[in-house]
Amino acid sequence: MATTKRTIDVELSTTGLDAQGRPRRVPLAVDEAGNTVAVAEPPTMEPDLEGEHMLINIGPQHPATHGVLRLVLELDGETVVRCIPHVGYLHCGFEKIGEYRQYNQIIPWTDREDYLNSPGNNVAFSLGAERLFGIEITERCKVLRVMACELSRIMSHLVWLGTTCIDIGAYTPFLWAFQQREKIYEMLEAWIGARLTTTLTRVGGMGADIPDNWIEQLTAFTKEFPRVVDEIDRVITRNGIWVGRTVGLGVMSAEEAVNYGLSGPMVRASGVAFDVRRDFPYLDYETYDFDVPVGTNGDVYDRFLVRMEELRQSTRILTQAIGRLPDGPVNVDDHRVILPPKSKATSDMESMIHHFKQVMEGPRPPIGECYVALESPKGEKGYYMVSDGTPKPVRWRIRPPSFVNLSAIPRMVEGHLLSDVIAINASIDIVMGEIDR
Amino acid sequence: MGLSPRPEPKLIQTTSEEPWVTTRLDAFINWGRKNSLWPMPFGTACCAIEFMATAASKYDLARFGMERQAFSPRQADLLICAGRVPFKLAPVLRRIWQQMPQPKWCISMGACASSGGMFDNYAVVQGIDTIIPVDVYVPGCPPRPEGLLYGIMMLQKKVEKERMADRSLRDEMEPDPESQLFIAPSEIDEVSEPFGNSVQQTRSGL
Amino acid sequence: MSGNGSFKPVVAGSALVAGAPSPTTPRKVARTGTHPNPSADAARAQFGDVVTRVDVVWGETTVVVDQSSVHDVIQWLHDDEGQRYDYLSDVTAVEYRDLERPLEVVWHLRSLPFRRFLRVKVAIPRGATLAVPSVWDVYKSADWLERECYDMFGIEFTGHPDLRRILMWEQYKEGYPLRKDFPLRGRFSRSEQLRQALAANPEARYSKDELTIAQALEDLPADMRRRLTSGERTGE
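Residue numbers (this note's numbering), protein chains in the order written: chain A, 1 to 437; chain B, 438 to 643; chain C, 644 to 879.
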């Protein structure tokens, strides 16, 4: 029996139509002028009209939702007509606890909310607290923090890469990515003692200075890592299945991306060159030589490419940081915030008093408030701290990039197929710990 | 030669009434079970990442027969609760546990799953053993992969010691709906001074 | 992904004049006395007394406005060609420990074309109704941010299309967690909290919209159907 061969064309441009040829977005309600409006009240039930649609619940326990996310989808066959996400399944009261802890005691909490970017969160919080205290950190500390931020960016993107590959069907890059994470874990463990939830910084400095030989480890890593990225690149970037499953999905235009508050690779893939390191710099990022990758279409494939390129750029920044790490003290010489060395704390009266005050009461910042934003791997991560002169903040607010990025998922997913929902969800790179806090 | 006399070694009588066939069958079944526990990773937070690291190449879970992770509770043996469980997620965890068929075991991975961890506040369940029966607790925040592997091996020893004759092992433990655990909010402060509404009685501050 | 010649990325800082210095890390920022964001003066010029106060703390400008006019101010900041605050970073609230101080609702705005950052605040005195206008029609990112603010503080955002709890479950009875009169460990005992959490059937947590899709409304028990159709909010 003769077999028929079919050639499937993969269309690489976004046409505004979904796989069924219908317009990609299904507005909830359209008024006379043709504008999309939100309905003022929920639609009355008309069973006859809605008899063909199916309600599917994904999550909160699901392998592909990247945490405890619940998506309720209204399906017309395989096409998503409406998507209602539910979050809050990992809400653990971080902001409330922050009001009952001293500033240095909050730093372990910052590890746990975006647990893929622990060193980055530590740095972000410390920068905010130092702004609130009015402290200038040392040059060595700045370069070490840049290294920590970029290492944590690489770590986070590796998890994203591994889990996205699994979601779309490729299992091997997950193992390669986690092998690289193990190398970073070894370095972090040598530095601060912990692999994942690092508590790397303190207000005014770092928890510990890097050990001897650490720079050599990091140099070896930066030499080997681009090869691994190239290998993963070779396997998936031009793969027909990968391209077919990611191109044209979840498109957000530039204006929409900015209006929806997207940040990080999400907004850059839509063509907006907004990177907090470039536009509102911190830690002397303007003195480092790196590129900000920007996508053209704003679809899942572009987000993937943007993050892959960010891996390479982070390696570039690390190499520069290695070259310019100055000697000198890591912690600022301020007895209000930095604990004295143990030998002095147990022998010198004044140091003992400082130690006691800091541990029992905690350093007191002046009355004020500050909002410090960093470029986390997910987007604009902000910490807003309000102080009323007491050692514990009045308000500690975490501005979670994944929370705002995820709020755009109904907009991105409507009109696509059910299997595309998973790919789009993976491309947002969410961390439920950060979304729910 | 100056050594004190050693006590007589006592003969320890094994009082097992089971016939030889049953013990061999038990050993065979438990060997099969413990070496092919299919875990269901109920991963919520940072411990889930360490679980993934344990499943990855360096601390391979496949050598324990556990690389086939069951994401459907109907096909799982072992629920590894990795991460903090807030109150909103508690009924989901309970429902998932109920959906798992016997024989099933549970590992509470990490400090947050075991006791609420650092989250002693309004939102987090202070230990999943208030919701589901736990076999092994793995401490750590997050536990190192070696720690999780030690917990898994501890569970394997527990599975090894199970006996078919012991019917109570496979009972579904359901909490008593008539339980008188309600304390009126007005009485709480009175009853739990000065520790507030906390199970951690050793705190000195808030 | 190979660039077609007509693609031009939207670059932050595009509205600045060509010779403007590129941004640098702020150094030795003083607590007070720094130059305020020019938008603060522009807002004052535009709105007059509606802008009650302008603070500059640690280099960040805060504009405090009247509760009734905050929507107009934010709309103007978004639309005006000289301001172009096109990005809403955050909507949150601050309640102070000092009971005399008002509760403040805070908006963090960014202007990407001008590379500016501005904080807009509304001070709601104690005893006043906790309601502010929603800016959802200006910024779509306010959708979930305002829902979270409502969930944690009980502030009602009038004009929001779908204001319901987002982090806690909708039938959460203990209150609004981030208020200062809400104790850290909640108002109920641990056993009561657990009982209330477990009493909820996770499968029953669908909103009325979702149930109409599934036509499952007829299958619900009579009392639940009655509650849903009467408009009582259930599910999250």
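There may be inaccurate statements among the hints.
[Unchecked claim] Result set (PhoX-like, lysine-lysine): computed pairs, CA atoms no more than 25 Å apart in a straight line:
hint, chain 1, residue 1, chain 2, residue 2
1, A, K223, B, K495
2, A, K392, C, K671
3, A, K392, C, K823
[Unchecked claim] Listed next, the stretches of chain B that the computed footprint assigns to chain A, with coverage defined by at least 3 CB atoms under 8 Å from CB atoms of chain A:
hint, segment
4, 484 to 493
5, 497 to 504
6, 524 to 530
7, 592 to 606
No lab work stands behind these hints: they were computed from the structure.
Beta carbons are placed, not taken as given, at the ideal position from N, Cα and C, and that holds for glycine.
The hints, checked one at a time:
no.	hint	in the structure
1	A/K223 / B/K495	21 Å, holds
2	A/K392 / C/K671	24 Å, holds
3	A/K392 / C/K823	14 Å, holds
4	484 to 493	holds (count 6)
5	497 to 504	violated (count 0)
6	524 to 530	holds (count 3)
7	592 to 606	violated (count 0)
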